[in-house]
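For the protein sequence lines, the chains are X and Z, in the order given. 1 is the number of the first residue of the first sequence in the numbering used here; add one for each residue after it. 1 is the number of the first residue of the second sequence in the numbering used here; add one for each residue after it.
It is possible that some hints are incorrect.
25 Å max Cα-Cα, derived BS3-like pairs, lysine-lysine [said to hold, decoys possible]:
1) K120(X) to K156(Z)
2) K140(X) to K268(Z)
3) K140(X) to K39(Z)
4) K168(Z) to K80(X)
5) K133(Z) to K83(Z)
6) K126(X) to K156(Z)
7) K80(X) to K214(X)
8) K94(X) to K71(X)
9) K119(Z) to K117(X)
10) K116(X) to K194(Z)
11) K156(Z) to K119(X)
12) K82(X) to K168(Z)
13) K194(Z) to K133(Z)
14) K126(X) to K185(X)
15) K82(X) to K71(X)
16) K168(Z) to K119(Z)
17) K126(X) to K268(Z)
18) K39(Z) to K168(Z)
19) K82(X) to K156(Z)
20) K94(X) to K120(X)
21) K168(Z) to K94(X)
22) K14(X) to K87(Z)
23) K87(Z) to K39(Z)
24) K80(X) to K194(Z)
25) K156(Z) to K94(X)
Derived by calculation from the structure, the hints in this document are not laboratory data. Since we're looking at a predicted model, the values are computed, not measured.
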Amino acid sequence: MRKIIEPCGLHCIKINHLGVTMGEQMILDDVNLHIHCGTLTAIIGKNGAGKSTLIKAILGDIPHTGNIEFKDREDGKIQKLKIGYVPQSLNIEKNTPLSVYDMIASYQSGFPVFLKKNKKLYREIKEMLTVFEADYLIDKQVSNLSGGELQRVLLSMAIMDEPNLLLLDEPISGIDQNGTELFYKTIDYLKKHFDLAIVLISHDLDYVAKYADKVVLLNHAILKQGTVGEVFHSDEMKQVFEKTEVEGC
Amino acid sequence: MLAFFTDWWQYGFMRNAFWAVLIITPLFGILGTMIVNRKMAFFSDALGHSALTGIAIGVVLGVTDTNLSMIIFAIIFALLLNKISSKSTASTDTIISVFSSCSVAIGLAILSKGGNFSKYSSLLVGDILSITKKEIVYLIIIFAITLIFWTIAFNKLNAISINRTLAKSRHIPVSLLENLFAVLIAVIVMLSIKWVGILIINALLILPAASSRNLAVNMREYHFFAILFSVFSGVLGLIISYFTNVATGPMIIIIASLIYFLTFAYQKITHGN
């Protein structure tokens, strides 16, 4: 059985003055965030507000200004930050001969997946999939998975390296109501049982209200951040989501 | 009766062609898997066409070995296409098409100057029967290099093709590997284009992998069927072309296409989709 670590609450990830410009256009300006382990930070905002760009900048996928620090709050020692990432979608066509094992092994191991299965790796992957009740999917084709199944597989993969920070880009479509509920429950479980901080781009304000510890309202810069109540009842929130009703919080 | 089937083996050129087919086809089968996964069919096609330009440049510069100018041009062309596709927001296939047409036109213009194009027309369909022992050795070397590269880099290339950002988050050197892969395809396509032919080389890269996708459910089966179909079409195509006196390249592609249609039908029947 896998050892489950309680969040210690002592690690802190600081994003300082992060900015991204593409060509002439300023996509993100002076973003400052403090993220603690054992918490779920939800990033909300309209389409094109720079949410996915922020995640890509944190991952180092696109060039940015500012810096990201990972500190132990007790002794202030700076450590190397390990990031797990769950993308919004995969670039996999229907019929692609790629099993869940192939996909995870491609990211986790150098042992060529076109040769025979590596039994040790297979066991490890299966064990990790068990955490999200996805172990029965290991030999299935990735292109045949349902949205919810794929999400659980990607989550398993994201935490295989025991990251300090988990970045999630929630899919907009392909998941039904039950799937979304299960997804948020899983995230909540992760938050409580693993020593990591979670940052989630969310499109569902109801679920954010229910599960997030901290909310960041983004529109090229941080308009407002704080607890669910603080952000959801702010003027900035009303301006951004003027036409969409902000209820249930 | 037996003599009828073993007859062709007596000829040195047929034996050489046989060994060449046994090296080229599995190589193409293997590379094709990733080319199809990464939706690079158009890219490899453009690369094949750039052979004309490479030779034309060699002729203009007065290079004695146009193979060299062809390979160098193809490598530059491949890297350029990679760079433009990753930077530009315009659709990749449009960009590749523009560059490909432009380069083919320049190649044709130069090579046809003075009405001399017939000298190069064998490049279009290829002639595997003219391969020499020395050239087979080159193919063996590139085959070995590809196998090593594939063993080391396949997982990472696969990871990149699934999701670039996710691959980057795992510290996979995305651009480096994409460029290495493009260069490898460029070199292999150029080294085999004389034998396979510009017009059909892309089919030999794409068809076995495409057929394999109709049957395979994981990466092991994908590679296995792609190599199997590729070698089978190659060997059978060579033998049939000997008996029917048809160019070998097209015969190989006809068989590979038949396999594609058969696997396609099989998939439709068994999966009903």
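Find the hints from earlier in the document that the structure breaks and name them by number, from lowest to highest.
-> 5, 8, 9, 10, 16, 17, 20, 22, 24
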